[in-house]
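With the numbering used here applied, the sequence shown has no gaps in its numbers, which climb one by one up to 719 at the end.
Please note: incorrect hints may appear among the correct ones.
Claimed, not checked - Ranges of calculated distance between the beta carbons of each label pair, as one might list FRET restraints:
{"id": "1", "residue 1": "Met609", "residue 2": "Phe653", "range": "33 to 39 Å"}
{"id": "2", "residue 1": "Ile606", "residue 2": "His671", "range": "33 to 39 Å"}
{"id": "3", "residue 1": "Arg711", "residue 2": "Ser603", "range": "32 to 38 Å"}
{"id": "4", "residue 1": "Leu587", "residue 2": "Ala669", "range": "36 to 42 Å"}
{"id": "5", "residue 1": "Met648", "residue 2": "Ala708", "range": "40 to 46 Å"}
{"id": "6", "residue 1": "Pro659", "residue 2": "Arg711", "range": "42 to 48 Å"}
{"id": "7", "residue 1": "Ala708", "residue 2": "Arg667", "range": "29 to 35 Å"}
{"id": "8", "residue 1": "Arg667", "residue 2": "Glu715", "range": "39 to 45 Å"}
{"id": "9", "residue 1": "Thr645", "residue 2": "Gly666", "range": "30 to 36 Å"}
{"id": "10", "residue 1": "Arg615", "residue 2": "Arg646", "range": "43 to 49 Å"}
{"id": "11", "residue 1": "Asp640", "residue 2": "Leu682", "range": "20 to 26 Å"}
{"id": "12", "residue 1": "Ile655", "residue 2": "Glu703", "range": "40 to 46 Å"}
{"id": "13", "residue 1": "Met664", "residue 2": "Glu709", "range": "19 to 25 Å"}
{"id": "14", "residue 1": "Gly679", "residue 2": "Leu597", "range": "23 to 29 Å"}
Treat the hints as calculated values from the structure; they're not laboratory data.
Owing to the predicted nature of the structure, the values given are computational and were not obtained by experimental measurement.
Note that beta-carbon positions come from the ideal geometry of N, C-alpha and C, so glycine has one too.
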Amino acid sequence: MTNTLICIFSTIGALSILFASIGIVRMPDFYLRLSVTVKAATLGVGLLLACAAFFFPDVSVTTRAMAIVFFLILTAPVAAHMIGRTAYHSGTPTWEGTLLDELDEDYKKQRAGMLEDANKEAAAAAEVRRSKEDDSE
């Protein structure tokens with residue numbers, strides 16, 4: 583029974599990782615590649631580690647495997663979100679078939695506010711330099 587479960591989980595895990603690698607090649611833009619890869623690879627690695635936990639009856643191996651699966655499931659989506667957000671901020675283009683960009687308006691407002699703040703800071707710094715130059719003369 584355990585061997586059958588290990589075979590099923592390892593096959594599904596390996597296929598999931600295979601689908602993730604195919605997704606890297608087939609998806610048209612960075613954001614879709616990131617999404618497919620993180621989801622499929624997390625599932626695949628999680629299932630393969632579950633197989634290791636079943637295969638080795640030692641408590642330390644099982645505990646380590648389950649801890650790794652837990653932290654992988656916890657951190658992979660957060661890391662993917664941060665990578666995607668950084669790519670969006672740096673101007674990575676979306677696929678031409680993308681119909682809706684919900685973040686565009688929000689980030690335009692945010693960028694405009696950041697530019698205003700930067701201009702105010704630059705003006706204040708220039709004023710400080712001018713006052714120091716006037717004091718030194």
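So, going through the hints one by one against the coordinates:
1. For the hinted restraint 33 to 39 Å between Met609 and Phe653, the CB-CB distance of approximately 26 Å leaves it violated.
2. Between Ile606 and His671 the CB atoms are about 22 Å apart, so this pair departs from the stated range of 33 to 39 Å.
3. The supplied range of 32 to 38 Å is broken by Arg711 and Ser603, whose beta-carbon atoms lie about 55 Å from each other.
4. A C-beta distance of roughly 39 Å is found between Leu587 and Ala669, which places it inside the suggested range of 36 to 42 Å.
5. The hinted range of 40 to 46 Å is not satisfied by Met648 and Ala708, whose Cβ atoms lie roughly 58 Å apart.
6. Separation of Pro659 from Arg711 is about 46 Å and conforms to the stated range, judged on CB atoms against 42 to 48 Å.
7. A hinted range of 29 to 35 Å for the beta carbons of Ala708 and Arg667 is consistent with their spacing of about 33 Å.
8. For the hinted restraint 39 to 45 Å between Arg667 and Glu715, the CB-CB distance of approximately 42 Å keeps it satisfied.
9. A hinted range of 30 to 36 Å holds for the C-beta pair Thr645 and Gly666, which are about 32 Å apart.
10. With their beta carbons about 30 Å apart, Arg615 and Arg646 fall outside the hinted range of 43 to 49 Å.
11. Restraint check, Asp640 to Leu682: a C-beta distance of roughly 51 Å breaks the suggested window 20 to 26 Å.
12. Between Ile655 and Glu703, the C-beta spacing of about 42 Å keeps the proposed range 40 to 46 Å intact.
13. Distance hint for Met664 and Glu709: a CB-CB separation of about 37 Å, inconsistent with the stated range 19 to 25 Å.
14. For Gly679 and Leu597, the hinted distance range of 23 to 29 Å is satisfied, since their beta carbons lie about 27 Å from each other.
Checked against the numbered hints given earlier, this structure breaks hints 1, 2, 3, 5, 10, 11, 13; the rest are met.
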